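For this one, chain U is given, so just place chain B on it according to the hints.
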Amino acid sequence: MLKTFQNLGHTTLASFSKLGRASFFLLHALSGVPKLLLRPRLLINQLYSVGVLSFLIITISGLFVGMVISFQGFHILSDFGAEETLGVMVAASLVRELGPVMSALLFAGRAGSALTAEIGLMKATEQLSGMEMMAVDPIHRIIAPRYLAGIIAMPILAILFSCIGVLGGHLVGVGLLGVDNGSFWAQMQTKLDFRDDILNGVIKSIVFGCAVTWIALFEGYDTIPTSEGVSRATTRTVVNSAFTILGLDFILTTLMFGDN
Amino acid sequence: MQQSPTQDTLVGLFVASGIIGLFFLAMQISNLSSFIEDDGYTIKARFQNAGGLKIKSPVSVAGVKIGQVSAIQLGDDHRAVVAIKIKNQYNKLPSDTSASIFTAGLLGEQYINLDPGGMDDYLKENSEIDITQSAIILEQALGQFLFKKSADK
Numbered sequence: 001m002l003k004t005f006q007n008l009g010h011t012t013l014a015s016f017s018k019l020g021r022a023s024f025f026l027l028h029a030l031s032g033v034p035k036l037l038l039r040p041r042l043l044i045n046q047l048y049s050v051g052v053l054s055f056l057i058i059t060i061s062g063l064f065v066g067m068v069i070s071f072q073g074f075h076i077l078s079d080f081g082a083e084e085t086l087g088v089m090v091a092a093s094l095v096r097e098l099g100p101v102m103s104a105l106l107f108a109g110r111a112g113s114a115l116t117a118e119i120g121l122m123k124a125t126e127q128l129s130g131m132e133m134m135a136v137d138p139i140h141r142i143i144a145p146r147y148l149a150g151i152i153a154m155p156i157l158a159i160l161f162s163c164i165g166v167l168g169g170h171l172v173g174v175g176l177l178g179v180d181n182g183s184f185w186a187q188m189q190t191k192l193d194f195r196d197d198i199l200n201g202v203i204k205s206i207v208f209g210c211a212v213t214w215i216a217l218f219e220g221y222d223t224i225p226t227s228e229g230v231s232r233a234t235t236r237t238v239v240n241s242a243f244t245i246l247g248l249d250f251i252l253t254t255l256m257f258g259d260n
Numbered sequence: 001m002q003q004s005p006t007q008d009t010l011v012g013l014f015v016a017s018g019i020i021g022l023f024f025l026a027m028q029i030s031n032l033s034s035f036i037e038d039d040g041y042t043i044k045a046r047f048q049n050a051g052g053l054k055i056k057s058p059v060s061v062a063g064v065k066i067g068q069v070s071a072i073q074l075g076d077d078h079r080a081v082v083a084i085k086i087k088n089q090y091n092k093l094p095s096d097t098s099a100s101i102f103t104a105g106l107l108g109e110q111y112i113n114l115d116p117g118g119m120d121d122y123l124k125e126n127s128e129i130d131i132t133q134s135a136i137i138l139e140q141a142l143g144q145f146l147f148k149k150s151a152d153k
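For the record, the sequence lines run as chains U and B. Heads up: the first sequence begins at 1 in the numbering used here, then just goes up one per residue. Heads up: the second sequence begins at 1 in the numbering used here, then just goes up one per residue.
Just chain U, with the same shape it has in the complex (with noise of 0.2 Å):
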């Protein structure tokens, strides 16, 4: 009885710790964000890494996840005789949540996952504590980068999943289930805001991408430095991602569509 009490204790103790140590970490980290600009040829570098190898998986389950939506909601929209606001649904469910949720998931999992292998393995291999020998600060060398490459790399990456989403969306409602092309394209845009809608998305986008490449590099950074640390610590960042993702998606969802 004692020994659960116990038990629960050190959780708890624990995981405040952790979180301590993450912002800590975090802080840390964005200190070396205006060195970082002095030399962007280490932010392009990640950039590549982050974005444009991102970029194929991205497209590509946008473009999937349009057409799904188009097919699904013509099939409901037709008992109403209102397949012209199929543009309407696909665009806006792409734009206000599955751009933003789903691309930031399949972020955590293609990006996140190997950054945190990636650190976990630059620890493993004792190179964090080779460069503070040789007094360079390995949170703003290795981390502050890759940090903000994660931040500017998930919005555009959001937004290309909406585009390529509409436009799989228009390929299977327009061109295989025959509903009009003026009428989609034109009730989407009486129906849809720029300010409300879009720009809602891209802050979603920003918002994960700085959740889930804080916790992908906080967990390379926290790993115990074993082969099966670093494998422990990949599944948490990807598990722990669409938890904080999820539950983010929520508090936002409410506060910037809860009003109307």
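Worth flagging that the hints you see were computed from the coordinates, not collected in a lab. No experiment lies behind these values; they were computed from the predicted model shown. Be a bit skeptical, because a hint or two may be false.
Stated by the list, open to error - Listed next, the in silico PhoX-like pairs over lysine-lysine satisfying Cα-Cα at most 20 Å (straight line):
1) Lys56(B) / Lys191(U)
2) Lys191(U) / Lys85(B)
3) Lys191(U) / Lys65(B)
Chain B alone, transformed into the frame defined by chain U:
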């Protein structure tokens, strides 16, 4: 760290595609483009009841969209004053044109239909449409119908 020009190009293309994507979303999907095409002239129409008319509701002649509602206000005579912005290319609307509020389909949104008259002079900036027909409110129509039914008996 490798410094390949290919990598720079790909990162550049990636960022550019993001910017183009945002531009596409803004222009093609949302209504931002409608702010740009604001060349046109505004006319006014007074309705007894504006019903479910909203700003940006379409305005059409013979089913062709020629403009949109730009403002809805309550006038001094407690009637709804609806400002309509019409594209410049449609500047040959006779001054005795009448306006009515219709509903697109059974559940669709409401729009203004203009019915051109036969006068020789045309509607200009700030002219007012005199002949208007209000939105049909389903509850009122049903009420009148039931009232008439019971009176017939």
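Verification of the supplied hints:
In summary, the hint linking lysine 56(B) to lysine 191(U) is supported, as the alpha carbons are separated by about 9 Å, within the 20 Å threshold. Taken as a hint, the lysine 191(U) and lysine 85(B) pair is honoured in the structure, with Cα atoms around 18 Å apart against an allowance of 20 Å. Of the supplied pair hints, the one linking lysine 191(U) and lysine 65(B) holds, its CA atoms being roughly 16 Å apart against a limit of 20 Å.
When the structure is compared with the earlier hints, no violation turns up for any of them.
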